[in-house]
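All chains should be modelled from the sequences, with the hints used to inform the complete structure.
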Amino acid sequence: MASTLQTQDSPRPGGFPAIRYKRNIPKRGPSGLVILTGLTAISTLGFYWASQTIQELRELKRERIWSRIYLVPMLQAELDRDSYRRTRASLQREAEIMKDVPDWKVGESVYNTKRYVPPSVFVLPEK
Amino acid sequence: MAATNQHPFLSNVPFKDETPLPEDIPRVDDVGTTSAPLKSAAFFIGAYCKDFNDDYMLCKNENNDPKHCLKEGRKVTRLRKLRENCDKEFEAHWQCLDKNNQEYYQCRPQEKTFNTCVFNALNLEKVIPGTPQGKPPIHLKESPIFKPS
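Here the protein sequences line up with chains A and B, keeping their order.
Taking full-length UniProt numbering, the leading residue of the first sequence gets 1, the next gets one more, and so forth.
Taking full-length UniProt numbering, the leading residue of the second sequence gets 1, the next gets one more, and so forth.
These are calculated hints, taken from the structure and not from any lab test.
Some hints here could point you the wrong way.
[Stated by the list, open to error] When the alpha-carbon atoms are kept at most 27 Å apart in a straight line, the in silico DSSO-like pairs for lysine-lysine are as follows:
#, chain 1, residue 1, chain 2, residue 2
1, B, Lys50, B, Lys67
2, B, Lys71, B, Lys88
3, B, Lys99, B, Lys88
4, B, Lys81, B, Lys135
5, A, Lys114, B, Lys60
6, B, Lys67, A, Lys61
7, A, Lys99, B, Lys81
8, A, Lys61, B, Lys126
9, B, Lys99, B, Lys81
10, B, Lys112, B, Lys99
11, B, Lys67, A, Lys105
12, A, Lys61, B, Lys60
13, B, Lys16, A, Lys99
14, B, Lys71, B, Lys112
15, A, Lys61, B, Lys50
16, B, Lys50, B, Lys112
17, A, Lys61, B, Lys147
18, B, Lys67, B, Lys88
19, B, Lys147, B, Lys50
20, B, Lys135, A, Lys61
21, B, Lys112, B, Lys88
22, B, Lys81, B, Lys50
23, B, Lys99, B, Lys141
24, A, Lys105, B, Lys16
25, B, Lys126, B, Lys147
26, B, Lys67, A, Lys114
27, B, Lys141, B, Lys88
28, B, Lys135, B, Lys88
29, A, Lys114, B, Lys71
30, B, Lys60, B, Lys126
31, B, Lys60, B, Lys50
32, A, Lys61, B, Lys112
33, A, Lys61, B, Lys71
34, B, Lys88, B, Lys126
35, B, Lys147, B, Lys135
As the structure is a computational prediction, the values presented were derived from the model and not from experiment.
Right, dumping it as structure tokens:
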């Protein structure tokens with residue numbers, strides 16, 4: 001029995017083509033570097049504008065505050081005159097009511113201090 | 001309100017005390033304006049009455065009693081001079097403030113004419129204390145971000 005000729009498989013002539021194992025997706029869009037720089041640029045501009053706005057708002061606020069500060073003495077003086085007038089009237093009524101009580105000091109402060117304490121009780125006339 | 005709901009001694013009727021000031025204290029009329037004219041004139045009041053205002057505030061710092069500073073308080077101010085000299089500009093500016101939520105930045109054009117008028121007539125200038133060095137004060141800024149709408 002003639003032995004069969006054992007042949008080994010060999011590559012086809014010219015060899016096999018390379019195996020495609022890489023993903024074949026086309027490149028799209030700008031590169032990461034471009035995106036990153038663009039983002040930084042936009043953010044910088046935004047922060048600049050924001051800081052400018054904040055600074056201007058601060059100045060507007062300062063203007064507003066000082067306009068009020070300049071008015072305070074006048075408004076306070078007006079209020080002082082009025083509260084003095086009311087307090088005096090209240091004290092007069094108190095004196096009228098308590099005139100029969102001996103040793104009553106009209107408008108005596110209940111606090112043991114020389115500092116001014118705004119009165120918490122006002123005497124109103126009876127209706 | 002039903003009689004049963006009435007408080008035994010508290011009253012719902014607002015109490016108005018008409019007792020006048022005693023004779024020995026000179027009578028001073030109230031300024032008698034609303035907030036817009038006051039806000040419009042604030043910086044000129046501050047400049048014109050600086051000494052009196054400082055005097056008054058120092059006095060208040062000394063003693064908070066309303067009685068203590070009546071004398072100083074009487075010198076604190078009027079709007080008469082502004083009305084005499086720059087009535088038209090003043091009117092325009094405070095009307096603008098009144099209509100624009102009392103925001104200064106809404107009324108820069110009117111403010112400009114008003115300021116120049118006051119500067120020419122009374123030699124008073126608007127100064128905002130604490131403005132950063134080397135920058136124009138906000139009311140003179142060339143191109144502000146917050147513009148009159």
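Now the hints, each set against the structure:
At roughly 22 Å between alpha-carbon atoms, lysine 50 of chain B and lysine 67 of chain B fall within 27 Å of each other, so this suggested pair holds. Between lysine 71 of chain B and lysine 88 of chain B the alpha-carbon distance is near 33 Å, which puts this suggested pair outside the 27 Å criterion. At most 27 Å may separate the alpha-carbon atoms for a hinted pair to count; lysine 99 of chain B and lysine 88 of chain B meet this at roughly 17 Å. Straight-line distance between C-alpha atoms of lysine 81 of chain B and lysine 135 of chain B comes to about 31 Å, which puts the hinted pair past the 27 Å bound.
As the CA atoms of lysine 114 of chain A and lysine 60 of chain B are separated by approximately 15 Å, the hinted pair is consistent with the 27 Å bound. The hinted pair formed by lysine 67 of chain B and lysine 61 of chain A fails the criterion: a straight-line CA distance of about 34 Å is larger than 27 Å. Distance hint between lysine 99 of chain A and lysine 81 of chain B is unfulfilled; the C-alpha atoms sit about 49 Å from each other, more than 27 Å. For the hint pairing lysine 61 of chain A with lysine 126 of chain B, the CA-to-CA distance comes to about 16 Å; that is within 27 Å, so the pair holds.
Between lysine 99 of chain B and lysine 81 of chain B the CA atoms are separated by roughly 24 Å; this keeps the pair inside 27 Å, and the hint holds. Using a Cα cut-off of 27 Å, the hinted pair lysine 112 of chain B and lysine 99 of chain B holds, with the two alpha carbons roughly 17 Å apart. For the hint linking lysine 67 of chain B to lysine 105 of chain A, the alpha-carbon distance of about 19 Å falls within 27 Å, and the restraint holds. Taking the CA atoms of lysine 61 of chain A and lysine 60 of chain B, the gap is near 26 Å; set against the 27 Å cutoff, the hint holds.
Distance restraint check for lysine 16 of chain B and lysine 99 of chain A: the Cα-Cα separation of roughly 24 Å lies within the 27 Å cut-off, and the hinted pair is therefore satisfied. Among the hinted pairs, lysine 71 of chain B with lysine 112 of chain B is inconsistent with the structure: their alpha-carbon atoms are about 36 Å apart, more than 27 Å. Annotation: proposed proximity of lysine 61 of chain A to lysine 50 of chain B holds, straight-line Cα distance about 21 Å (limit 27 Å). Distance hint between lysine 50 of chain B and lysine 112 of chain B is fulfilled; the C-alpha atoms sit about 22 Å from each other, no more than 27 Å.
Straight-line distance between C-alpha atoms of lysine 61 of chain A and lysine 147 of chain B comes to about 15 Å, which keeps the hinted pair within the 27 Å bound. At roughly 38 Å between alpha-carbon atoms, lysine 67 of chain B and lysine 88 of chain B are farther apart than 27 Å, so this suggested pair is violated. Our distance criterion of 27 Å between C-alpha atoms is broken by lysine 147 of chain B and lysine 50 of chain B, whose separation comes to about 31 Å. Between the alpha carbons of lysine 135 of chain B and lysine 61 of chain A the distance comes to roughly 16 Å, so the proposed pair stays at or under 27 Å and holds.
Between lysine 112 of chain B and lysine 88 of chain B the alpha-carbon distance is near 13 Å, which keeps this suggested pair within the 27 Å criterion. Note on lysine 81 of chain B and lysine 50 of chain B: the hinted pairing holds, with a Cα-Cα distance of about 15 Å set against a maximum of 27 Å. This hinted pair checks out: lysine 99 of chain B and lysine 141 of chain B have alpha carbons roughly 22 Å apart, not beyond 27 Å. About 26 Å separates the Cα atoms of lysine 105 of chain A and lysine 16 of chain B, which keeps this hinted pair within 27 Å; it holds.
Among the hinted pairs, lysine 126 of chain B with lysine 147 of chain B is consistent with the structure: their alpha-carbon atoms are about 19 Å apart, no more than 27 Å. The suggested pairing of lysine 67 of chain B with lysine 114 of chain A holds, with an alpha-carbon distance near 14 Å, which does not exceed 27 Å. Distance check on the hinted pair: lysine 141 of chain B and lysine 88 of chain B sit about 24 Å apart at the alpha-carbon level, within 27 Å; holds. Taking the CA atoms of lysine 135 of chain B and lysine 88 of chain B, the gap is near 31 Å; set against the 27 Å cutoff, the hint is violated.
A threshold of 27 Å between alpha carbons decides the hint, and for lysine 114 of chain A with lysine 71 of chain B the separation of about 21 Å falls inside it, so the pair holds. Distance hint between lysine 60 of chain B and lysine 126 of chain B is fulfilled; the C-alpha atoms sit about 26 Å from each other, no more than 27 Å. Annotation: proposed proximity of lysine 60 of chain B to lysine 50 of chain B holds, straight-line Cα distance about 15 Å (limit 27 Å). Between lysine 61 of chain A and lysine 112 of chain B, the direct Cα distance comes to roughly 19 Å. Compliance with the 27 Å bound is thereby established for this hinted pair.
With a C-alpha separation of about 33 Å, the suggested pair lysine 61 of chain A and lysine 71 of chain B falls outside the 27 Å cut-off, and the hint is violated. Straight-line distance between C-alpha atoms of lysine 88 of chain B and lysine 126 of chain B comes to about 18 Å, which keeps the hinted pair within the 27 Å bound. This hinted pair checks out: lysine 147 of chain B and lysine 135 of chain B have alpha carbons roughly 18 Å apart, not beyond 27 Å.
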